[in-house]
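Given next are the chains, with one letter for each unit.
Number of protein chains: 2
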Amino acid sequence: MVTELRTLTYEGDLGSLRAWLAENGTLDITDALVRLEPEERAVSFRLLDKDRALAVFEAMDPLHQQQLLEALRDERVRELFRGLEADDQARLLDEVPATVAARLQAGLTPQQRAATAALLGYPSESAGRIMTPDFTNVRASMTAADALTKLRRAGRRPTRAQALVLPVTDDERRLTGVVDLTDLVTAAPDTRLRELVAPETLSVRVDDEQERAARLLQEADLSALPVVDKEDRLVGMITFDDAMEILEEEDTKDFSRAGGAEPLDQPYLSASVFQLARKRAPWLMMLAVAFTLTVVVLASFESALEAVPALAFFIPMLIGTGGNSGAQAATLVVRALAVGEVRFGDLARIILREMRVGLMLGALLATIAFPLVSIFYSISIGAVISLTLVGICTWASFAGGMLPLIARRLGIDPAVFSSPFITTLVDATGLLIYFSIAYVVMGDQLSGVLG
Amino acid sequence: MVTELRTLTYEGDLGSLRAWLAENGTLDITDALVRLEPEERAVSFRLLDKDRALAVFEAMDPLHQQQLLEALRDERVRELFRGLEADDQARLLDEVPATVAARLQAGLTPQQRAATAALLGYPSESAGRIMTPDFTNVRASMTAADALTKLRRAGRRPTRAQALVLPVTDDERRLTGVVDLTDLVTAAPDTRLRELVAPETLSVRVDDEQERAARLLQEADLSALPVVDKEDRLVGMITFDDAMEILEEEDTKDFSRAGGAEPLDQPYLSASVFQLARKRAPWLMMLAVAFTLTVVVLASFESALEAVPALAFFIPMLIGTGGNSGAQAATLVVRALAVGEVRFGDLARIILREMRVGLMLGALLATIAFPLVSIFYSISIGAVISLTLVGICTWASFAGGMLPLIARRLGIDPAVFSSPFITTLVDATGLLIYFSIAYVVMGDQLSGVLG
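Heads up: the sequence lines are chains A and B, in that order.
For the first sequence, counting from 1, position 176 maps to 176 in this note's numbering; every step adds exactly one.
For the second sequence, counting from 1, position 303 maps to 303 in this note's numbering; every step adds exactly one.
Next up, chain A with everything else stripped away, as it sits in the complex (with noise of 0.2 Å):
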């Protein structure tokens, strides 16, 4: 599908190209769009009728947006901003450089444009960044018929947050209450709305974290939460649809950082390689600078390597389960954290469960080594490897079950102390525990090369 518009863009085929956008969905000729270069994408933008650019314009990630203003007209790049709801200009003109952003701007209103300043005057990733400052508040007096009514002549197109929860506030603008749009539709039309107030008001502070305000939207089930300021007032309204795309946001910065890498910002096709090895490199250098660690612990082992050379090679086997266990540990915590099911309150019981499973893990690896090893190399080896699979499953476990619950507390970001980070600390302190237990156990082999 890439293939045929990208075929027919560089012949120039307007009349096959018009063709198959017509026959294409919103969401298919966005997919094929940006897998076009920036420069060809501009050529089938300009074929699609106003509605279905501007749907295809809300569609894409800032980013795109982006590259598509800056090879349109004026006119047309003014008309597309207009088109998009406060939040997602506001978006927008955060990411863009400051000449575009004037450029966007231009075409605004005056109460447009004041409505994106309020919202990028918020901190970035909090509630007010993504919240829709346009919203149709009622009464308690009002009735059922009333507020249809307010609504429909809050405009022709309103916005999503404008009709899927009405706001209910007193005389100061507090917030004292919401109406689903549901419940108020499917009421009598005499119905006084302070009787189809929901029983729970549920809101967050402008100044809040997105991802909290995400997850109670989703918790309670809710198709719009309202936002209000220090004082109780009501701000604006955050949808279900920008929960979502924070959440999923949310879940791909912690997959970033799960898998030792900070968050791209943007889709990967779209990261040039450039870019992809900067968000890696500072990870991998400083987990690197920590595995300087395994090489000193073995260089003061040489000696016992020299004795038994058959201890070197169970090294990675010993350390690569040990950092598996540590990861499988951390990575269920962290996601219980980010989701909201555990909390550091929860640390103790956390510690002891973990430590459980990572002795019962180890334990049965043991079982299953112990023979293994006896027959191919000795009892003694045999013993050292079970041994050590015990106690370095158990501290795996007690660490990557740990950390992360630590690092919220800390309020450092959980996600950083999954599977790589855990590897590498067990890695080093697994090492001394490998020759701690081979001095015990074959300590008449290696005692003479000790002394």
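Don't take each hint at face value.
Stated by the list, open to error - Under the rule of at most 20 Å between Cα atoms (straight-line distance), these lysine to any residue pairs were calculated in the SDA-like manner: (1) K50/A x P199/B; (2) K253/B x E249/A; (3) K50/A x A22/A; (4) K50/B x E200/A; (5) K50/B x R82/B; (6) K253/A x L269/A; (7) K253/A x E200/A; (8) K279/A x L269/A; (9) K50/A x L63/B; (10) K279/A x L364/B; (11) K230/B x G121/B; (12) K253/A x R215/B; (13) K253/B x E125/B; (14) K279/A x A363/B; (15) K279/B x L269/B; (16) K253/A x R212/A; (17) K279/A x L359/B; (18) K279/A x L264/A; (19) K50/A x A220/B; (20) K279/A x M355/B; (21) K253/B x G340/A; (22) K50/B x G83/B; (23) K279/B x L359/A; (24) K50/A x D94/A; (25) K279/B x L364/A; (26) K253/B x L63/B; (27) K150/A x D190/B; (28) K50/A x E200/B; (29) K50/B x A198/A; (30) K50/B x N24/B; (31) K50/A x S16/A; (32) K150/A x P189/B; (33) K50/A x E195/B; (34) K279/B x I351/A; (35) K279/B x R356/A.
Said to hold, decoys possible - Footprint (simulated), chain A over chain B, 3 or more residues, beta carbon under 8 Å: (36) 43-57; (37) 195-204; (38) 214-225; (39) 257-270; (40) 292-301.
For the record, the hints were derived by calculation from the structure and aren't laboratory data.
Note that beta-carbon positions come from the ideal geometry of N, C-alpha and C, so glycine has one too.
Given the structure of chain A, go ahead and fit chain B onto it with the hints provided.
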């Protein structure tokens, strides 16, 4: 807060318990309840008024719902179960033992029983399982006022799907379009629905995967997505709240697999230590078996290790860095696949990018490692370590970028090929790269023992 509830429950102080429940919101109560032992939960739960009890029950996981049902009287159980939407009923019926299922269904009307039975007829993980079979369909020839009247008549407590989006159908109940509730309420009452129909009608088939449906709903910013059968007849609606839950579950699954463990399918703290171990043991064992390859590789290079013992010191650092580099690549590609940014067709492009990134990162590390190792050991060992870092990082990024795409093509969950799998693969192959380079660079020191 949990401690507070637990103390009150133990003390049996019903007055204070009731006061505590009145002061807290649905989500806080749910959160505190599920942290109590299963037997203790029913005590507080019985004190909740009818509406709040249903809200708390709805907010629980199926596992916690089941545990609670077992502790309550038949009449109360039926009342709670009747209060759930059909898709939640089907989900719970699917998880409880057959005897409990019969007890639950006893309280349903024949229509309700038919509706949940129909949902249970669809394969698990299919769109059919999470759709709501209750919806209010309309005709294109109706006016906005007619549609609102039909909605109002549809029931006093409509399910969300009955209202957020109204599916437009023809005489055969085939889906021909959808009208957004927000457009309906803001239109003039005499507007024909055909003027309000959304420009595009997206839908999924009843046997499509849940995840596909949820991602489509998210990408298109829909509040509800129609579900049709093979003949394009409308059979249900999937709402945004169910889609959010599916996406969270799928991301949790990906996280587990990326951490080298099978998904728990239940909240972390509810799983027993034995269940945790059982989900992790298969992967840990499989990877440990794969690690025996590293033992074999190292044993075959025994003479080289004896000739230059310092070569052993760098093993954890080299294979660990390779593993981290591969994990970075794999994690980024797994996530990009999950959110639909890349697909199998991008294989060549991704491999090329990842190899260049790996080369850059390896070269960077080599530049730092060469002088350090040369000073502390020797220039030839410095050369071996640097060249190995370049080779291992390039190879690991290549494997990490490629394997998830191959997995997707073969119908395997790509997340399986994240950190632990790649790390283990790179460990064994990384050693081969290491010793091959050592033989080439330090041939004179190693060839004696080889021959």
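Hinted pair K50/B and G83/B, Cα distance within 20 Å: holds, 10 Å
Whether chain A covers the stretch 195-204 of chain B (at least 3 residues having a Cβ closer than 8 Å to its Cβ atoms): holds (count 3)
Satisfaction of hint between D94/A and K50/A, Cα-Cα up to 20 Å: violated, 25 Å
Distance restraint between K50/A and E195/B, which requires alpha-carbon spacing of 20 Å or less: holds, 17 Å
Given pair status - R82/B, K50/B, alpha carbons within 20 Å: Holds, at roughly 12 Å.
Claimed coverage, the stretch 257-270 of chain B by chain A - three or more beta carbons nearer than 8 Å: holds (count 8)
Restraint status (C-alpha distance of K50/A to A22/A at most 20 Å): With Cα atoms ~13 Å apart, K50/A and A22/A stay inside 20 Å; holds.
Agreement of K253/A and E200/A with the hint, judged by alpha carbon distance not exceeding 20 Å: Violated. K253/A to E200/A sits at ~32 Å, over the 20 Å cutoff.
Distance restraint between K253/B and E125/B, which requires alpha-carbon spacing of 20 Å or less: It holds: about 13 Å lies between the C-alpha atoms, which stays within 20 Å.
Distance restraint between K279/B and L364/A, which requires alpha-carbon spacing of 20 Å or less: Holds. K279/B to L364/A sits at ~13 Å (cutoff 20 Å).
Pair hint K50/B and E200/A, alpha-carbon separation not exceeding 20 Å: Status holds; Cα separation ~15 Å.
Given hint E249/A paired with K253/B - CA-CA distance at most 20 Å: Satisfied, since the Cα-Cα distance of roughly 17 Å is no more than 20 Å.
The structure is inconsistent with the numbered hints 7, 9, 24, although it conforms to all the rest.
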